[in-house]
Structure formats: C-alpha cells, structure tokens
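Protein sequence lines correspond, in order, to chains V and L.
Take 1 as the starting number for the first sequence in my numbering and just add one per residue.
Take 1 as the starting number for the second sequence in my numbering and just add one per residue.
Treat each hint with caution, since some may be false.
[Stated by the list, open to error] Here are a few chain L residues that face chain V, going by a calculated C-beta distance under 8 angstroms:
hint : residue
1    : 14
2    : 19
3    : 103
4    : 107
5    : 108
6    : 112
[Claimed, not checked] Taking lysine-lysine and the DSS-like style, the derived pairs with C-alpha atoms no more than 27 angstroms apart in a straight line are:
hint : chain 1 : residue 1 : chain 2 : residue 2
7    : L       : 25        : V       : 373
8    : V       : 474       : V       : 502
9    : L       : 25        : V       : 360
10   : L       : 128       : V       : 521
11   : V       : 373       : L       : 21
12   : V       : 373       : L       : 114
13   : V       : 520       : L       : 95
14   : V       : 373       : L       : 95
15   : V       : 367       : L       : 114
16   : L       : 21        : V       : 367
17   : L       : 56        : V       : 521
18   : V       : 35        : V       : 272
19   : L       : 38        : L       : 21
20   : V       : 399       : L       : 95
21   : L       : 25        : V       : 367
22   : V       : 426       : V       : 520
23   : L       : 21        : V       : 360
The hints are simulated quantities; they were obtained by calculation from the structure and are not laboratory data.
Ideal Cβ placement from N, Cα and C applies to all residues, glycine included.
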Amino acid sequence: MERKKHYYDSITKRLLVAFFFLSIVPIVSFAWVMKDAVEDTNIIKLNELAISTIEHRSEVISQFLNDKINMLSRLVSLYPKDFFFDSKNVEKVFLAMNNQGNIVDLQVIDVTGTQHAYVGPYRAQVAGKRYDDAQWFRETLISGVHVSDVFTGYRNTPHFVVAVTDPLKNYVLRATINSSIFNSLLHSAQLGPHGDAFIVNHAGELQTPSLLGKTALSETDKKLISFDSRPASLITNTDIYTTRLIDRGHWLLILKANIADSLGYYLRLRDKIILIVIVISLFSMAAATFISLVLSRNFERADKEYAALSLQFVQVEKMATVGRLAAGIAHEINNPLQMITNQAGWIGELLPDEDPALVKNLGEYQKAVEQIKHHVRRAGTITHRLLGFSRKMSNQQEKVQLNELVEETVSFVEREAGYHNIVIEKNLAPNLPATMIDGPQLQQVFLNLINNGVDAIGQDGRIEISSKLRNDGKLEMVFADSGPGIPAENLKQIFDPFFTTKDPGKGTGLGLYICYDIIKKLGGSISVENRKNGGAMFTIVLPVISFGTQK
Amino acid sequence: MKDFNVLVVDDEDEFREMTSKILTKRGLHVQSAESGEKALEILQHSRTDVVLLDVKMPGMDGIETLRQIRSIKPLVEVVLLTGHASVESGIEGMKLGAFDYLMKPIETDPLLEKLTEAYEKKRLHQEKIDQALMKKHMSMPV
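Extracted from the complex, chain V is given alone in its bound form (with noise of 0.2 angstroms):
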C-alpha cells in the first residue's frame, strides 16, 4: 500500500514537473527575452536622441559663440582705433547691436590694460581697473580672438566673455556674454527629469551651471569624461554620456541621459508583465497542481476498481473451479457406491435364504446390511446434493410470482420454526412482476436461507423475509435473522463448498453453495452482510424476466 501511495505520489510529481517545462518555463524565457530585448531597444533609442540633441545643440552654441565673435571683429573692422576710445560711439554700437539683450556690456581696453570705454551695468565695479594681468586679456592679444572660461573677475558675479583685438593690436573689444541667455541654449538638451547638459572646460570646471543643479563634476563624472573622446556615446549602467568638442575645443558639452528616465513607461511595462508572469504562473501552477492531483486520484480510483474487479473475477473463477471439481469428485464417488450398495444388496437378497439354525448371527448381518445402505444413502445424498442432483431434472421455466413462492416456501417450515419460537415475519412489496423462472431450485434457495436462518438463531427469535421491485427493474429478496451474525472472517467464504461452521455431521458446508450456484444459474445474484442491529442478512437479485426473453 505504501509503494502503491508512493507510486501515485511520483505520478503527481512528474505531471506537474511536465506542466511546468510546457506552460511556466516558456512563459518566463519569453518574458525574459522579451525584457532584455526591449530594454536594448530603449538604449539604443535613447543614444540615438542624445546624440542627435548634442548634434543639435553644440550646433546651435557654436553658432551663438561665432555670432559674437564676428560681431566684435566687423565692429573692429568697420571703425578706427579712435572711434572705440570715445565712450559715447561704444555706447551706440552697444544699442545698436545689443536688441536681443545677448550682451551685458561693451569695453574697450587698450593694449596696455587701461581701460578706456565701458557701457553696461557694473560701471562702478570696474571703473579704473587694469587688465594687463588678466588671463583671458593675454590670450586675446595673444590669439586675436578669445571665448574665455567663467570667470568672477572684478564685478563678483560669474561671467565669461568673448573679446577681440584689432589687427595691429592696439586695443580690445571685450563682450560680456548674458550667462542666462547662453544657459538657456542649453534647457532644451535635457532629456528626462534626470538627465543633464553642461560644459565643462579643460580643468574640469563647470562653465554653465548642471541643470541638476549640482556645482562640481561628481568623481564618476571626472572619470568618465574626457576631451579626447571622440563623437561616441559612453553607456553605464545608469547613464548615457554623450559629449562634443566647442569653441575650438577648449570647451566640452555633455549630455547626460538618465536611462531610468526614458525607461520609465518601459520599467512601468515591465513590471506589469511580471506581475502578470507571476499570477498566470501561480495560476496555471494551482491549475497544474489541481489537475494532476485530480488525474492520480482517478488512476488510483481505476487501478483500485480494477483490483476489485480482478478480484471478483478470481472468486468466480475460483467457484467455478470449485464446482467443476466438486462434481468430477461426487462423480468419481457415485461409482464405487453403488458397488457398495450392490454388494450390500446382494448380502441382503441372500441372507433370507440362510438357515437360521446353521447361521447364528443372522440379524446382525441383516442388521449390519441395512446399515451400509443407510450410510450408502447419506453418502448419496451429499454426492447427489453436490451435482445438483436436489434441483430436480425439470430445468423448467414457469411463470414465477416471487411472492407466491415466499408463502408457500414459509408454510413449510412455520411449524418447524414455531417449536423453537421463532416468528417468520413477511414483508412483500404488492403487485411485483411474475418472472420467468426455475420455481422449484428458487425455492430450494429460499428453503436453504429460512432454515440457514433458524439454525442460526436456535432459539427465540425473529426471521424477517421482505421483497421489492429495484429501481433498476430487478427483484430483489432480504432474508434477514435475529441471530449471531456471521463473523467477519467468514463472510468471505461463506458460499464457498463445504464451509461449514456447524458441528460435523450437522452440516454438509452445500447448502449456501448450492444457493450460490443456482442463482447464478438463473442470473440473479447473492450477497451477504451483517445487519448493524445484529444477524446476518441475505439479498437476493433476481431479473423480471418476460415471457419470450428466456435465455
């Protein structure tokens, strides 16, 4: 039983090891490279559109950056040297070409370093002041043109400025760029609420502030950045960096693209997928599990009811056998009796012609002759109960009122029953069907189950004999007693030949059998149980069986 249990158990566990590689393992490889291959698409994505967004805005910031600068030099190129130095003509060049607001301020310095003309707001910080040391005015005369890096410089504020000399170096035209304009070329190139854009110079500093509002390049960033990179995209695990070379190269732009940020709506995808994943796997998993707990059981149910029916066909089998050898033994049993019985009879014819005188013990032989044919005829009657033989030859089938038969068959042994009181109690269903049957064996069945049922009870007592019409369409008959019962280890052999639990002599153990074989004979069935109030009870099953359908 335990190897059986086990056996089931195993069946469970490879159904659903079986559901799982087929439903669950393809649904999450799926999902999985479904993940990692729109993930790939989103970076790839996510490049290209900060790649173009540097394009473009290195595009435009050079574009700013140039614009300035030839301002400055076709204002140096279109006036003298003299024309500069007289702070009223600053003054208008400045409004004429300060419209959009681009520039703080216009100044004039000379080679030397004095200044000579200033228009904007911080003419009282810068009144009087020297340049010759400042680096950004070194550079210019050394270069002719110069975009310098922020500065704080005398006015205390961050600023940066694009200046020129003229071409005999005689002077400077310094602009002051408005850092909020040339901050705002760069608003348009944040790509996410993470992502960020600056420039940064060759030391590292920050030459517009992060749009993150950070005030130095973290150490990651330090890294990760250099001004030799060529125009390629730097991918970490959380960024893309993307920089190009400005103002001739003394400037780096960066973008920085959060890959979080444009993954969002992806991540947010993702995690509906495997939460969907999860449930559509937990559910086929309880499915699985429910069906192949379900599947076992009803393999075990079929094995078990195949065991039972097996085991059903064994006890007919079994009977059968039985009975075949039961009837080849009375048979076999039957000849030499009847030798007995011959030689017995012919003691017996010729004893009377032996003188009485010469023979002394004449009555006891014929006294002894009488008694071999008694035991020759108990002999008989067990062989001959054995074939069958009591079933009488008429093998005829009649119109059979079961209830009819029960009466007469009571009325029998009423007598016999009452000398022990014992009350033969009938319960008959009215109006069943008339069968066609083999009345007398019938009978003799029922005669066997009433006297069965006295002898079990000895005395006082009740028998109770009741009949109906199944819902099937079949008779069914319950011989019931009030006796011991049967015990259990005897059920099963009860209608086997020669059970007997009577004492030797008493009983041939064929009365049950013969019971057994005639109603399988005419193709109904017997069972036997015990009744929970105590006594054995009988059922009998027998087909309505019309006329014309006789087998």
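Could you slot chain L onto chain V? The hints should help.
For chain L alone, kept in the frame of chain V given last:
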C-alpha cells in the same frame, strides 16, 4: 408380472455382474452387455423389454446407444443410469424418449420399482398395439 427381460449395459464388469445376479434373484431375465454396440447386437436377436443403460461409457456412449435403440426397437423402454449429474445429458435422454433418469448409487428396491414401471409402460404399449392389430384383422373381410 415381474417376469420380464432386462438388458444391463455398463462398461464396469463388477456392476454388470452384481446387478445381473440381484435382478435374476428377484426373478427377472437378465442379459448384459459391456458396450453400446454389444447391446444393439443383443437387442436384434432377443426379446428385451427394458434396457438399463449407463450414460457414460467408452466408445459409443449411452445417449448415442439410446438413440439407436429407439430407432431399431421403439417399443423397448430405456432407463438411464449415471454417476454424473449432467443435467444436459439427462434432458437430452428424456427428450430422446428414455423412461427415466437415475442417479448412482441406487438400491435394489427403487431400481426394481423403476424397471417394473418401465416394463408396465412397455406392456401397455404392446397391448394397445396388439389390440389395434387384432381390430385390423377382425375388420378385414374374410
């Protein structure tokens, strides 16, 4: 009345002998045969009223023998005797016109009773036929 001819057919010698002895002692004329063929042969040449026939015999069995007896001597009554409760053979025997079907072991008295009944039947039969023949003769114009 009990003086009639019986033919005992059985393959078992002892049974045949014993039965013959007993029945002879009871006043019957008994012949015996150890097989169906032998029985048919005896029937051809003797006056037999009743045949006691064993159903189960080697060679020609009782049923076949019965069939042949019915065809050659329809008036002879046959009592079947067997140690085997083959209901089918019993029914078949009765169908073929056996007088009765007996089970071994059977004692002398009931056996004799059965044989006598069979003989009575045969005798009545014979009488009727004789009377019919007689009437036929009487009614014939002289």
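Practice task
Using 8 angstroms as the Cβ threshold, decide whether residue 108(L) counts as touching chain V.
Solution key: 4 angstroms, holds
Practice task
Could you grab the alpha-carbon distance between residue 367(V) and residue 114(L) and see if it respects the 27 angstroms cut-off?
Solution key: Holds, at about 25 angstroms.
Handout entry: Interface hint outcome for residue 103(L) [beta carbon to chain V under 8 angstroms]
Key = Hint holds; residue 103(L) Cβ to chain V Cβ min 5 angstroms, cut 8 angstroms.
Practice task
Using Cβ atoms only, decide whether residue 107(L) comes closer than 8 angstroms to chain V, and label the hint accordingly.
Solution key: Constraint on residue 107(L) satisfied, holds at 5 angstroms.
Handout entry: Straight-line alpha-carbon gap residue 128(L) to residue 521(V), limit 27 angstroms
Key = 43 angstroms, violated
Exercise for the section: Return the status of the interface hint for residue 112(L): holds when the least beta-carbon distance to chain V is below 8 angstroms, violated otherwise. Expected result: It is violated, given that the least Cβ distance between residue 112(L) and chain V is near 10 angstroms, above 8 angstroms.
Problem - When the least beta-carbon distance from residue 19(L) to chain V is tested against 8 angstroms, hint result - result: 6 angstroms, holds
Problem - Straight-line alpha-carbon gap residue 399(V) to residue 95(L), limit 27 angstroms - result: Judged against 27 angstroms, a Cα distance of about 22 angstroms means the pair holds.
Exercise for the section: Measure nothing beyond the straight line between the CA atoms of residue 426(V) and residue 520(V); if it is 27 angstroms or shorter, mark the hint as holding. Expected result: Cα-Cα ~24 angstroms, so holds.
Exercise for the section: Quickly compare the C-alpha distance for residue 38(L) and residue 21(L) to 27 angstroms and report which way the hint goes. Expected result: Roughly 19 angstroms separates the two Cα atoms, so the pair holds.
Exercise for the section: Take a quick look at whether residue 25(L) and residue 373(V) sit within 27 angstroms of each other, Cα to Cα. Expected result: Since the Cα atoms of residue 25(L) and residue 373(V) sit roughly 19 angstroms apart, the hinted pair holds (cutoff 27 angstroms).
Practice task
For the pair supplied as a hint, residue 56(L) and residue 521(V), confirm whether the alpha-carbon distance does not exceed 27 angstroms.
Solution key: With a Cα-Cα distance of about 24 angstroms, the restraint between residue 56(L) and residue 521(V) holds, given a limit of 27 angstroms.
Taken one by one, the earlier hints fail for this structure at numbers 6, 8, 10 and 14, listed in ascending order.
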